[in-house]
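Given the coordinates of chain A, assemble chain B onto it according to the supplied hints.
From first to last, the protein sequence lines are chains A and B.
If you want the working numbering, it's the 1-based position in the first sequence plus 861.
If you want the working numbering, it's the 1-based position in the second sequence plus 153.
These are computed hints drawn from the structure, not numbers from a lab.
Among the hints, a few may not be true.
[What the hints assert, rightly or not] Every beta carbon over 12 Å from chain B, so not counted as near; a handful from chain A, in silico:
| # | residue |
| --- | --- |
| 1 | 890 |
| 2 | 962 |
| 3 | 1078 |
| 4 | 1099 |
[To be verified] So the derived label-pair ranges between C-beta atoms look like this:
| # | chain 1 | residue 1 | chain 2 | residue 2 | range |
| --- | --- | --- | --- | --- | --- |
| 5 | B | 163 | A | 923 | 28 to 38 Å |
| 6 | A | 984 | B | 203 | 21 to 31 Å |
| 7 | A | 984 | B | 347 | 54 to 64 Å |
[To be verified] If we take Cβ atoms under 8 Å as the criterion, some of the chain A residues that face chain B in the derived model are:
| # | residue |
| --- | --- |
| 8 | 921 |
| 9 | 922 |
| 10 | 945 |
| 11 | 948 |
| 12 | 949 |
| 13 | 955 |
| 14 | 957 |
| 15 | 959 |
| 16 | 973 |
| 17 | 976 |
| 18 | 977 |
| 19 | 980 |
Each residue gets a CB set at the ideal place from its N, CA and C atoms; glycine is no exception.
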Amino acid sequence: MKNANAQFDPIIRMREVTVSYGSRRVLDSVSLDVQRGEILVLLGGSGSGKTTLLKQVLGLMKPNTGSIVVNGVDITSCGPSELAAVRRHIGVAFQAAALFNSMSVQENVALPLQELTKLADSTISLITWIKLWMVGLAEAAHLYPSELSGGMRKRAAIARAIALDPQILVFDEPSAGLDPIVAAGLDELIIFLNDILGITILVVTHHLESAFRIADRIAMLHQGHLIAVDEKERFAGTTHPRIRQFLDRKPDAVGSGEQGFMTAYLKEFQT
Amino acid sequence: MSFLEQIGRPFVLWAEDAGALTLQFGAALWRIPKALPILGNRRRWGATLEQVLAIGTRALPMACTMSLCIGFVLALQGAAELRRFGGVNYVVNLVAVAFIRELGALVTAIAVSGRSASAISAEVGTMVVTEEMDALRVMGLNPVDFTLAPRYLGALIAVPCLTILSTISGIFAAYVFLSLSIDMSFRIYSRAVFEAILARDVWLTLIKSVVFATIIVHVGYLEGLRVSGGPDAVGRATTTAVVKSTFLVIVADLAATWFFYMMGWSAAG
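Here chain A stands alone, though its shape is the one from the complex (with noise of 0.2 Å):
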């Protein structure tokens, strides 16, 4: 914890968050808190319902039951104004960057900031380009995403989240498609904007290397339920099966549990 009060003033605040589509659950009754200027990491296998969960704090998707209350304002029931206000003070690092290829670089950086501020032209350009020099590109304003690598289009991505300087940095899968200098490169960026600005993290993602390295607190969905939210010393010492499975990277055993496919082949073969 970076300060003792953090503890107590959590900036996202998830209870009995219960998703389902159609009969199936995604999530299931999820209670989390993000506290003010912590790295949380959000771990979990693909289908565990990490996506969804994140989609839920954005405002994107709107949970069945079960309150999310982000800067003290419950956005599941909130009207698309004060959502809009929300959103003013969230910085979104999407997994596939989500440029948008008809602008250059610099373009992408400076939009929210021609569309949602009053500033002067100059004042942009200066911002842009000191955000963009914050995550390493200031030489790369005037491309176009589509001639950056993977690597560089997820900085432009975070220039663009943190434009607007928010309070609270999204982030799906960083490291997901890059390879491991320059994922560790991103790792360091995420925790030196936390450190310099004091931006509270969520971090989604399965690579347990990076969550190990850049998180306060990890916090693991399984199948839709949040199966442990611990400080990451704690965290990998623990005994629970499931998790256990997860950092020592064991896979399922082949034809156990219900689903499994040489149980329901035999199955076939008795009857």
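Just chain B, lined up with the frame of chain A:
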């Protein structure tokens, strides 16, 4: 699936389409003022001009070539019949009236539907897949301002212009035929054309082309928004967009023509 479900399903899907298109149309109308020159945001107007050029240049060669061919075919077929009554020069009236009232707008709409409904659904679908739409939303920006309004306004400008050009090419094709077959001069031909057409017909056809533009852009956009999953869904969306928009354009053409007829606006002179 039970028998009743099979019968009911298309109706439910139709109702869903109709509802979604209506909501989307309302949202676009609401946001279009922002894309207008002077009144609106200058960047949106820039994006609109880009769309005018994109929609115009994508469909222009195809619309004009199709009109040339259809005009020529219509002249050929018409001449074969009219010759029996000794009225080959009425080919002018046949082609001019057919193109001004009907074919110019329809052929253009079909060309635009093939070119731009597909392009719009592919662009929008790709933006959905790459999370660009979500990126706009979480920035607190309205995707309609950036994606739908410029395209709709662009089409409202481009499609009537294309309709005029393609009507001219269709009528010109009939002139080529007549000058080759009965050596008609351009002066006589153009006088006959101007005698055959009414200003009212021109206005009605432009209204039709605006309706077609609305259908094409909104169907293309809606199918693009419905893309979910991966890139293969984008391909399916473009096909659906073209099929649906072409179909709806022809149905709307019938409805509009029927309406004009009932209002007594179709009678000559």
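Tested hints:
Against the 12 Å criterion, residue 890 (chain A) stays outside the reach of chain B, whose nearest CB is about 25 Å from its own CB. Not every CB of chain B is more than 12 Å from the CB of residue 962 (chain A) (nearest about 8 Å), against its label as outside the interface. With a cut of 12 Å on Cβ distances, residue 1078 (chain A) stays outside the contact zone with chain B, its closest approach being about 23 Å. Residue-level check passed: residue 1099 (chain A) sits 33 Å from the nearest beta carbon of chain B, beyond 12 Å.
A hinted range of 28 to 38 Å for the beta carbons of residue 163 (chain B) and residue 923 (chain A) is consistent with their spacing of about 30 Å. Judged by the Cβ atoms, the range 21 to 31 Å given for residue 984 (chain A) and residue 203 (chain B) holds: they are separated by roughly 27 Å. As the Cβ distance of residue 984 (chain A) to residue 347 (chain B) is approximately 59 Å, the hint placing it in 54 to 64 Å holds. Of the supplied interface hints, the one on residue 921 (chain A) holds, with its beta-carbon coming within about 6 Å of a beta-carbon of chain B, less than 8 Å.
Checking residue 922 (chain A) against chain B: minimum C-beta separation of about 10 Å lies over 8 Å; hint violated. Using the Cβ-Cβ criterion of 8 Å, the hint placing residue 945 (chain A) at the interface with chain B is satisfied: the shortest such distance is roughly 4 Å. A distance limit of 8 Å between C-beta atoms decides the matter here; for residue 948 (chain A) the minimum to chain B is near 4 Å, and the interface restraint holds. Because the smallest distance between the Cβ of residue 949 (chain A) and any Cβ of chain B comes to about 6 Å, under 8 Å, the interface hint for this residue holds.
A least Cβ separation of about 4 Å between residue 955 (chain A) and chain B falls short of the 8 Å threshold, and the interface hint therefore holds. Of the supplied interface hints, the one on residue 957 (chain A) holds, with its beta-carbon coming within about 5 Å of a beta-carbon of chain B, less than 8 Å. Taken as an interface hint, residue 959 (chain A) checks out: its beta carbon lies about 4 Å from the nearest beta carbon of chain B, inside 8 Å. Checking residue 973 (chain A) against chain B: minimum C-beta separation of about 5 Å stays under 8 Å; hint holds.
Proximity of residue 976 (chain A) to chain B holds as hinted, the smallest CB-CB distance being about 6 Å (cut-off 8 Å). For residue 977 (chain A), the interface hint holds, since its Cβ comes within 8 Å of a Cβ in chain B; the closest pair sits about 6 Å apart. Annotation: residue 980 (chain A) was flagged as interfacial toward chain B, and the flag is violated, the nearest CB pair being 15 Å apart, outside 8 Å.
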